[in-house]
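Protein chains: 2
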Amino acid sequence: MSDQDKLNTFLRKYIPLGNVEDFVESFDVVRKLNKKEFLLEPGQACSYLAFVNKGTFRVFFYDNAGTEVTVWFSFPGMMIGDLLAFFQDSRAIFYVQAVEDGEVRIIAKSKLEELYLKNPEYLQFGRKYAEYVSVNVMQRMLSLQTLSAEERYLELLANPNYMQRIPLKYLASYLGITDTSLSRIRKNIV
Amino acid sequence: MSDQDKLNTFLRKYIPLGNVEDFVESFDVVRKLNKKEFLLEPGQACSYLAFVNKGTFRVFFYDNAGTEVTVWFSFPGMMIGDLLAFFQDSRAIFYVQAVEDGEVRIIAKSKLEELYLKNPEYLQFGRKYAEYVSVNVMQRMLSLQTLSAEERYLELLANPNYMQRIPLKYLASYLGITDTSLSRIRKNIV
DNA sequence: GAATTTTCTTGCCATATGGCAAGAAAGAAA
DNA sequence: TTTCTTTCTTGCCATATGGCAAGAAAATTC
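Chains as they are written, first to last, in the working numbering: chain A, 1 to 190; chain B, 1 to 190.
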């Protein structure tokens, strides 16, 4: 499946009927990133979203103690960005970084808003995508609220995306634990 | 401020310009609930949202171990409902319960969708509200992921809504800890 | 206001997770 | 390959949170 097709498939989830060609075309900036390179850093304007063509990306920040906290991962066929800032129209709070060499296609928020005005179906996309994000974040919130670290790790194990290519220390902070603890949990499971 | 005005103020946050009268009128079912009464129970159709006129409401469920887990609270001027189900068009997963005597105004999802079709500005509401929910849930997720139970409790302390009227055992499960632990944390702080 | 129910606290001890530092293993660079 | 860097594991011990049960306190009901 071509990159274009992947984006098409993604948009079709939210816009089942109708033409999405000008939407696809509005993702008009392609950016290649090397492993560990930043797509975005805190303080920058982040008035855009990116669609992952290739590679794995992560969103992270440094907490008050200076510890790196991974907030989110994105895999090919998904969007990536600092959604907290994007939705609030603020400057970036997070880093967005390539976990491995990768490529994204970018759409500016201004373009997105033009599309919203042009076509109510595209506006439906805006709503449905935000609803989709809500649902995802709620599920992760619930898992942090109610499951043990081991149970959360087992959830990740069920998704092959997480188990290849991603250093365990990133997964540990994503799970809300230290890499030391994750190492012990893994030892316990096998 | 009248209940009508409260709802108006709420909607204006998302629809700053333009007329919201028919939107307000679509919240056309008023329901009074006694303390501990359920607005919604798991398995029911939950194709509506409620706006809190009076009282405090909470969303909760029973986890695998049979322990009650409070997922969310809503106070006057806010919406309440099983958003996970609402956004996914599924049957209710959660209980929605009055923490104290209260009153809500309800809008059916079907009405909401009529409004979306009628007026693109209302569709903007749908998008912005979902974005607002995303931001809120993300912030809570981050606090669960990165803060200690004590730090999370201190965050709640900063919001007067939580510190009146809500039994500590509900707050404890909202924080992801047992009521016993919350009791000890409180003892430690004072 | 007495009785009943619900909520909150506390003691004792168990388990989960963290902090640090050393070394092993794996991966990247030369 | 060899070297260098990054990541992962482990031991020792500390801290955070949980489980249970009893009693205290508060709220509700009669």
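In case anyone wonders, no lab produced these hints; they're calculated from the structure. Since the structure is predicted, the reported quantities are computational estimates derived from the model, not experimental observations. Be aware that one or more of the hints could be misleading.
[Unchecked claim] Calculated lysine to aspartate or glutamate pairs in the EDC-like style (CA-CA distance at most 16 Å, straight line):
(1) 128(B) - 89(A)
(2) 13(B) - 89(A)
(3) 32(A) - 100(A)
(4) 54(A) - 3(A)
(5) 54(B) - 22(B)
(6) 13(A) - 121(B)
(7) 118(A) - 121(B)
(8) 128(A) - 113(B)
(9) 6(B) - 37(B)
(10) 54(A) - 113(A)
(11) 118(B) - 121(A)
(12) 128(A) - 89(B)
(13) 128(B) - 5(A)
Checklist entry - So which of those numbered hints doesn't the model satisfy? => result Hints 5, 6, 9, 10 and 13 are the ones this structure does not satisfy, whereas the remaining hints hold.
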